[in-house]
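S.K.: As a plain string of letters, each chain reads:
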Amino acid sequence: MDSPVKLRTERLNVHYGDFHALKDVTAVVAERRLTSLIGPSGCGKSTLLRVFNRMNDLIPGCRVDGAVELDGRPLYAPRVDVEALRRQVGMVFQRPNPFPLSIHENVIYGPRVHALAHGAELDVIVQRCLAAVGLWDELEDRLDDSALELTSEQAQRLCIARAIAVEPAVLLMDEPCSTLDPIATLRIESLMRELARRYTVVVVTHNMQQAARISDDTGFLMLGELVEMGPTAQIFTRPRDRRTEDYVTGRYG
Amino acid sequence: MTMTKPHHISAAFSAELHSLKDQILAMGRLVDTQVSEAVRALVERDPELAGRVIEADRAVNQFELAVDEQCIRILALHQPAASDLRFIAAALKIVTDLERIGDLAVNMAERVAILAAGPPLRAVAELPGMAASARRMLHDVLDAFVTGDTAKAEAVIAADPDMDTRAASLLAEVEGEMSREPAAVGRGLATIFFAKHLERVADHATNVAEMVVYFVRGQDVRHPGSI
Chain A
1 MDSPVKLRTE RLNVHYGDFH ALKDVTAVVA ERRLTSLIGP SGCGKSTLLR
51 VFNRMNDLIP GCRVDGAVEL DGRPLYAPRV DVEALRRQVG MVFQRPNPFP
101 LSIHENVIYG PRVHALAHGA ELDVIVQRCL AAVGLWDELE DRLDDSALEL
151 TSEQAQRLCI ARAIAVEPAV LLMDEPCSTL DPIATLRIES LMRELARRYT
201 VVVVTHNMQQ AARISDDTGF LMLGELVEMG PTAQIFTRPR DRRTEDYVTG
251 RYG
Chain B
1 MTMTKPHHIS AAFSAELHSL KDQILAMGRL VDTQVSEAVR ALVERDPELA
51 GRVIEADRAV NQFELAVDEQ CIRILALHQP AASDLRFIAA ALKIVTDLER
101 IGDLAVNMAE RVAILAAGPP LRAVAELPGM AASARRMLHD VLDAFVTGDT
151 AKAEAVIAAD PDMDTRAASL LAEVEGEMSR EPAAVGRGLA TIFFAKHLER
201 VADHATNVAE MVVYFVRGQD VRHPGSI
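For the protein sequence lines, the chains are A and B, in the order given. Position one of the first sequence corresponds to residue 1 (the numbering used here), numbered consecutively onward. Position one of the second sequence corresponds to residue 1 (the numbering used here), numbered consecutively onward.
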C-alpha cells in the first residue's frame with residue numbers, strides 16, 4: 001500500500017453492554033482506496049464501519065476502547081466535534097433513505113445545515129453532485145419532484161450525492177447494493193470505483209464477489225476479530241489465514 | 001484440497017471439484033498407459049501395437065476437451081476463490097501437459113516402424129530404463145496431485161535434470177554409432193527422437209508438479225530466479 005493512511009485503529013475493542021463486538025482490531029485504511037469489510041453476520045464489520053464516524057455513540061451501552069484515528073488525529077478524544085467528524089466521514093446506508101423532500105433539497109440538505117454554501121452556490125452543488133453519481137442527465141428537469149418517487153437505484157445514487165455534497169474525505173457504505181437488482185448493483189459498483197478516485201471509501205458487504213470486483217483492499221472479520229486484511233487479489237487467491245480461506249471458498253468453519 | 005479441509009457449503013460445488021479431480025486422474029492414467037504401450041511396442045518390435053497407441057490418442061483428446069469444459073463451467077457457475085481457484089487454474093494447465101504427454105506417446109509409436117525394420121542400435125537398450133524413470137515421475141506427480149503432497153511434487157521437479165543428462169548421453173552414443181555405420185542413420189535418428197520424447201514426457205510431468213505446488217501452497221515455483 002503506497003497511499004497514505006486515512007483511517008487507523010489500534011487494539012480497538014467495542015462492547016455493547018456485555019457483548020464483545022470487536023476484539024483488539026488493528027486496521028489500516030489507505031487514502032483514496034476502496035476497502036471492503038467482509039465476514040459472516042454478526043462478525044463486527046458494521047460495528048467497525050460505524051466506529052469511523054462514531055455512529056455507535058448513539059447506541060446505549062456501547063463502549064469503545066483503543067485508538068481510532070482519522071489523518072492521525074484521535075476520533076474519540078473528548079474535544080472532538082462529532083458533527084464536524086460526520087461531515088468529513090459520510091455514510092450511505094443499506095436501504096436508500098431519501099428525505100421526503102425534493103431531489104434538489106435532498107442534495108443541498110447537508111451544505112445548508114453546515115452553512116457551507118448559499119443561494120446560487122447551492123445550485124452548482126446540486127449539478128456537480130448529481131453529475132458525479134450519474135443522475136444529472138436523467139433528473140435535471142425533475143429537481144423539484146419528490147425524492148420518494150425515484151427508483152431504488154436512483155434513490156441510492158441520490159443518497160450518495162447527498163453524502164458527497166458536504167465534501168467529505170471518507171465515504172462509509174453499509175451494504176449499499178443489497179436492495180438493488182444485479183444490473184443496478186453493477187452500476188452502483190462502477191460508481192463506487194469512480195468515487196474511490198476522490199474519496200476514501202469503506203464498504204461493508206455480504207457479497208464476497210462484490211468485494212472481489214470492486215475493492216483494492218479487503219478485511220475479513222470473524223467473531224469480532226479482524227482475521228486478515230490485505231490487497232483484495234491476495235485475499236481471494238492466496239489468503240494467509242485458514243479461516244479466511246474457508247470463508248472465501250464457502251466452506252464450513 | 002487436502003483431506004482435512006472442511007466441506008463446501010455447496011454440495012454441488014464439492015461434487016464438481018471431485019469429479020474434475022477424478023477426470024484429470026483418469027486422463028493421467030490413460031496417458032501413462034499410452035507411454036507404457038509405446039515403449040512396449042518398441043521393445044517387442046510390434047508396429048501393430050504402435051498403431052493402437054496412435055488410435056487411442058483420440059480418447060486423450062476427448063479428455064482434454066471434457067476437462068477444459070468442466071473447468072470453464074465451474075468458473076462460470078461457482079466463482080471459485082483461493083485454493084479452489086488455484087486448483088481450477090492448475091487443472092487448466094495440467095490438462096495441457098497431460099495431452100502433450102499423450103502426443104509424445106504417439107510420436108514414440110510413430111518411430112516404432114523404422115526401429116523395427118532393422119537390427120536395434122546398442123543405445124535402444126537405454127530406452128526402457130528412461131521410460132521407467134519418466135513414468136515413475138508421472139505416477140508420483142499424479143499421486144501428489146491427488147493427495148496434495150508437495151514434497152512428492154518437489155521430488156519430481158528434482159528428478160528432471162537426470163532425464164536431461166541421460167537423453168544427452170544417449171545422443172552422444174548414437175552419434176558415435178551412426179558415424180561408424182552410415183546405414184544405421186535412419187534408426188539412429190529414430191532412437192534419438194524416441195529418447196527426446198521420453199525426456200519431454202519428464203518435462204511435462206515436471207510442469208504438472210509445479211502446478212501441484214502452486215495450487216496447494218499458492219506459490220509459483222516455475223522459473224526460479226527470473227523475478
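These are computed hints drawn from the structure, not numbers from a lab. Possibly wrong hints are sitting among the right ones.
Stated by the list, open to error - A few chain A residues facing chain B, derived, Cβ under 10 Å:
| id | residue |
| --- | --- |
| 1 | Arg54 |
| 2 | Asn97 |
| 3 | Ser178 |
| 4 | Leu180 |
| 5 | His206 |
| 6 | Met208 |
| 7 | Pro231 |
| 8 | Phe236 |
| 9 | Arg242 |
| 10 | Glu245 |
| 11 | Tyr252 |
Claimed, not checked - Taking beta-carbon pairs under 8 Å as the criterion, some of the chain A residues facing chain B (in silico):
| id | residue |
| --- | --- |
| 12 | Gly72 |
| 13 | Gly250 |
| 14 | Arg251 |
C-beta atoms are modelled at their ideal positions from N, C-alpha and C, and glycine is treated no differently.
S.K.: Compare the structure with each hint and give your call.
M.R.: For each hint, the structure was consulted:
Hint status for arginine 54 of chain A: violated, given a least beta-carbon distance of 34 Å to chain B, over 10 Å. Annotation: asparagine 97 of chain A was flagged as interfacial toward chain B, and the flag is violated, the nearest CB pair being 31 Å apart, outside 10 Å. Below 10 Å, beta-carbon pairs count as interface contacts, and serine 178 of chain A has none with chain B, the closest being about 18 Å; its hint is therefore violated. A distance limit of 10 Å between C-beta atoms decides the matter here; for leucine 180 of chain A the minimum to chain B is near 19 Å, and the interface restraint is violated.
Below 10 Å, beta-carbon pairs count as interface contacts, and histidine 206 of chain A has none with chain B, the closest being about 14 Å; its hint is therefore violated. The interface hint given for methionine 208 of chain A is met, as the beta carbon of that residue sits about 7 Å from the closest beta carbon of chain B, less than 10 Å. The beta carbon of proline 231 of chain A comes no nearer than 14 Å to any beta carbon in chain B, farther than 10 Å, and the hint placing it at the interface is violated. The criterion of a C-beta within 10 Å of any C-beta in chain B is met by phenylalanine 236 of chain A, whose closest approach is roughly 5 Å, and the hint holds.
Because the closest C-beta pair between arginine 242 of chain A and chain B is about 9 Å apart, less than 10 Å, the hint holds. Taken as an interface hint, glutamate 245 of chain A checks out: its beta carbon lies about 5 Å from the nearest beta carbon of chain B, inside 10 Å. The restraint placing tyrosine 252 of chain A at the interface with chain B holds, with a minimum CB-CB distance near 4 Å, inside the 10 Å limit. Hint status for glycine 72 of chain A relative to chain B: violated, with the closest Cβ pair at about 34 Å, above 8 Å.
The closest approach between the C-beta of glycine 250 of chain A and any C-beta of chain B is roughly 5 Å, which is under the 8 Å cut-off, so the hint is satisfied. Annotation: arginine 251 of chain A was flagged as interfacial toward chain B, and the flag holds, the nearest CB pair being 4 Å apart, inside 8 Å.
In summary, the structure is inconsistent with hints 1, 2, 3, 4, 5, 7, 12 from the numbered list given earlier, while agreeing with the others.
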